[in-house]
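Chains as they are written, first to last, in our numbering: chain L, 11 to 411; chain P, 9 to 161.
FYI, nobody ran anything at the bench for these hints, they're computed from the structure. Warning: the hint list may mix true and false statements.
Below are the DSSO-like pairs computed for lysine-lysine, each with C-alpha atoms no more than 27 Å apart in a straight line [stated by the list, open to error]:
#, chain 1, residue 1, chain 2, residue 2
1, L, Lys-132, P, Lys-30
2, P, Lys-30, L, Lys-146
3, L, Lys-132, L, Lys-146
4, L, Lys-95, L, Lys-146
5, P, Lys-152, L, Lys-200
6, P, Lys-147, L, Lys-188
7, L, Lys-246, L, Lys-188
8, L, Lys-246, P, Lys-30
9, L, Lys-14, P, Lys-152
10, L, Lys-151, L, Lys-181
11, L, Lys-136, P, Lys-30
12, L, Lys-95, L, Lys-13
13, L, Lys-132, L, Lys-181
14, L, Lys-246, P, Lys-152
15, P, Lys-30, L, Lys-181
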Amino acid sequence: MEKKVLLAENQPEFGAGFELALTMSPADVVFIVRDSGIKGRGGAGFPTGIKWNLAGAASSDVKYVVCNADEGEPGTFKDRILLEKYSERLLEGMAIGGYAIGSSHGIIYLRAEYPYLIPAIKEARKNMINRGFLGKNIGGKGFDFDVEIRIGAGAYICGEETSLIESLEGKSGYPRNKPPFPVNSGYLNKPTIVNNVETFCNIPHIVLNGPEWYADLGIGDCSGTKLFSISGNVEKPGVYELPLGAPLKDLLELAGAGDIQAVQVGGASGRTIPASEIHRSLSFGDLPPGGSVIVFDSTVNMLEVLENFMEFFVHESCGQCVPCREGTLQLMNAVDDLICGDICCREDLDNCFRLAEVMRITSKCGLGQTAVNCFVDIINNFVDFTDECLSEECCCERGDQ
Amino acid sequence: MPRNPEEIVADGIREFGEGREKVLQLLNKVNEELSWIPTAAINAIAQATGISVAEVYSVVSFYSFFSTEPRGRNIVRLCSTISCAMTGQREILEALMDEFGIEPFETTDDGRLTIETTPCIGLCDQAPAMLVNGEPHVKLTPEKACEIVRGLG
Ligand SMILES: Cc1cc2nc3c(=O)[nH]c(=O)nc-3n(C[C@H](O)[C@H](O)[C@H](O)COP(=O)(O)O)c2cc1C
Ligand code: SF4
Ligand code: FES
Chain L
11 MEKKVLLAEN QPEFGAGFEL ALTMSPADVV FIVRDSGIKG RGGAGFPTGI
61 KWNLAGAASS DVKYVVCNAD EGEPGTFKDR ILLEKYSERL LEGMAIGGYA
111 IGSSHGIIYL RAEYPYLIPA IKEARKNMIN RGFLGKNIGG KGFDFDVEIR
161 IGAGAYICGE ETSLIESLEG KSGYPRNKPP FPVNSGYLNK PTIVNNVETF
211 CNIPHIVLNG PEWYADLGIG DCSGTKLFSI SGNVEKPGVY ELPLGAPLKD
261 LLELAGAGDI QAVQVGGASG RTIPASEIHR SLSFGDLPPG GSVIVFDSTV
311 NMLEVLENFM EFFVHESCGQ CVPCREGTLQ LMNAVDDLIC GDICCREDLD
361 NCFRLAEVMR ITSKCGLGQT AVNCFVDIIN NFVDFTDECL SEECCCERGD
411 Q
Chain P
9 MPRNPEEIVA DGIREFGEGR EKVLQLLNKV NEELSWIPTA AINAIAQATG
59 ISVAEVYSVV SFYSFFSTEP RGRNIVRLCS TISCAMTGQR EILEALMDEF
109 GIEPFETTDD GRLTIETTPC IGLCDQAPAM LVNGEPHVKL TPEKACEIVR
159 GLG
């Protein structure tokens, strides 16, 4: 069942949540966000209230509110819809964030693939300025806030928040070591909150309707609704809003998925499951609810899918650390070998799984840690190793190795 | 006539200011106007922001939207990720390569067109998709894609 808040037909007026927030103390705004139980909508699921509390407590005259609009996870396009239609809501959410942590400077980091969204964001900013929600001394409360747009240049890794900050600073997007965390030392070494587009868009609704209302929207111990972008072999690809914690099969029904061999949830770095598991829930405790869902029907060769994803990771690994830089390449080569039958024994495959485990444990950032998910899931669930193609003992001639 | 790189960088400095953190914005500006990043632009940015030429160069090489080789006036970026791959991206690419006589990441001799493949561009609900000079084109067929590219200036 759909449950629409962010995409509801009838929406509260833009700015209403911010006006209400301005009647409270910044600390109370943080508490409301914390009590709502909202977790970051960009994938990692870190509690937004805790992040804001830490940034609010950091002592500095200059702080930054950064919106992560890098949306690079394959299969994800929900933020595109929000930016197209609800940029005012985003700006409102960022302004509330600024008020809550004591920052007057917002930055939207927009992926280079979305330049056609810039006019909508600029228009929204103009509207918010005209209505007195952005600018100096907002609502006569002595609070200043404005937002600038920065454009990336085509790098998936810049969606990782510390890489994004490096990129904002004009550098190559190599993820930083943590700690220090951005809430203490982020953009230009100032306290910074980085949140996803969807996270910010939720904030005004939370302030207006209260934390309990928000918490009750979700299923089980999940809070709120969640946007999902669904594509692949479905009748009605698109963005759907469901309670967080809803079973995957609800979403599949809405989008008209019929013949299902596999579903990838959470993008290339998420999990790939067989049709028998679609009763599982889209939640931080189960299937990663980052936003991407791709359906593969029974005609799809899953090894080719895997090859496509491994090429993606090889291309997008920033190359800073060895397990990821070399590991993604090795796994991609292994997939190619599997496709042309050059991997012939269990031992070869076991070595790949060992490598995958090393990458998961030792890669510096989320990219390398999760790039192995699709490899492990697809090989384990969707590749039929009959006795002929994979024997226990090595059967090939490898004189040249 | 395209403007010279120094002029574009000087313009960018006036627009954004000259801190180190402006490097990406300056590069984006040069890229937008020229389709690529000439050495003269790298030198000008290094000088204006007070960092080394090598450092600017390393930033250029990090991001896939930048190129240190001249590219066409028009840049086609065809998505090659899975939702597009499953809906005929390969045939579209082949049709484009056939008609315009270039491989991915090559430029036509007349400097009119560069074709690139790119990871997911967030239009998977309308796959297969491509960006042409930043503008989205969706639900492509080989014929439709060729027609769009044919019509470019
Ligand atoms: C490789 C990688 C790519 C990421 N890409 C994005 C992205 O495109 N958008 C996003 O919001 N978060 C992305 N993240 C998550 C961010 O690091 C960060 O957790 C998020 O922006 C925090 O915002 P949230 O708490 O509101 O989700 C990515 C993380 C990794 C490791
Ligand atoms: S895990 Fe990959 S993307 Fe992340 S820092 Fe290491 S090389 Fe870069
Ligand atoms: S897979 Fe092509 S746009 Fe997402």
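Verification of the supplied hints:
1. For the suggested pair L:Lys-132 and P:Lys-30, the alpha carbons sit about 20 Å apart, so the restraint of at most 27 Å is met.
2. At most 27 Å may separate the alpha-carbon atoms for a hinted pair to count; P:Lys-30 and L:Lys-146 meet this at roughly 24 Å.
3. For the hint pairing L:Lys-132 with L:Lys-146, the CA-to-CA distance comes to about 18 Å; that is within 27 Å, so the pair holds.
4. Only pairs whose Cα atoms come within 27 Å are accepted, and L:Lys-95 paired with L:Lys-146 is accepted, the gap being roughly 26 Å.
5. With a C-alpha separation of about 49 Å, the suggested pairing of P:Lys-152 with L:Lys-200 is violated against the 27 Å cut-off.
6. In summary, the hint linking P:Lys-147 to L:Lys-188 is not supported, as the alpha carbons are separated by about 42 Å, beyond the 27 Å threshold.
7. At most 27 Å may separate the alpha-carbon atoms for a hinted pair to count; L:Lys-246 and L:Lys-188 exceed this at roughly 41 Å.
8. Between the alpha carbons of L:Lys-246 and P:Lys-30 the distance comes to roughly 42 Å, so the proposed pair goes past 27 Å and is violated.
9. Taken as a hint, the L:Lys-14 and P:Lys-152 pair is broken in the structure, with Cα atoms around 35 Å apart against an allowance of 27 Å.
10. Between L:Lys-151 and L:Lys-181, the direct Cα distance comes to roughly 36 Å. Violation of the 27 Å bound is thereby established for this hinted pair.
11. Between L:Lys-136 and P:Lys-30 the CA atoms are separated by roughly 24 Å; this keeps the pair inside 27 Å, and the hint holds.
12. This hinted pair checks out: L:Lys-95 and L:Lys-13 have alpha carbons roughly 18 Å apart, not beyond 27 Å.
13. Restraint check: the Cα-Cα separation between L:Lys-132 and L:Lys-181 comes to about 25 Å, which is no more than 27 Å; the hinted pair holds.
14. A C-alpha spacing of about 22 Å is found between L:Lys-246 and P:Lys-152, which places the hinted pair at or below 27 Å, so the restraint holds.
15. Taking the CA atoms of P:Lys-30 and L:Lys-181, the gap is about 9 Å. The hint holds against a cut of 27 Å.
When the structure is compared with the earlier hints, violations turn up for hints 5, 6, 7, 8, 9 and 10 and for no others.
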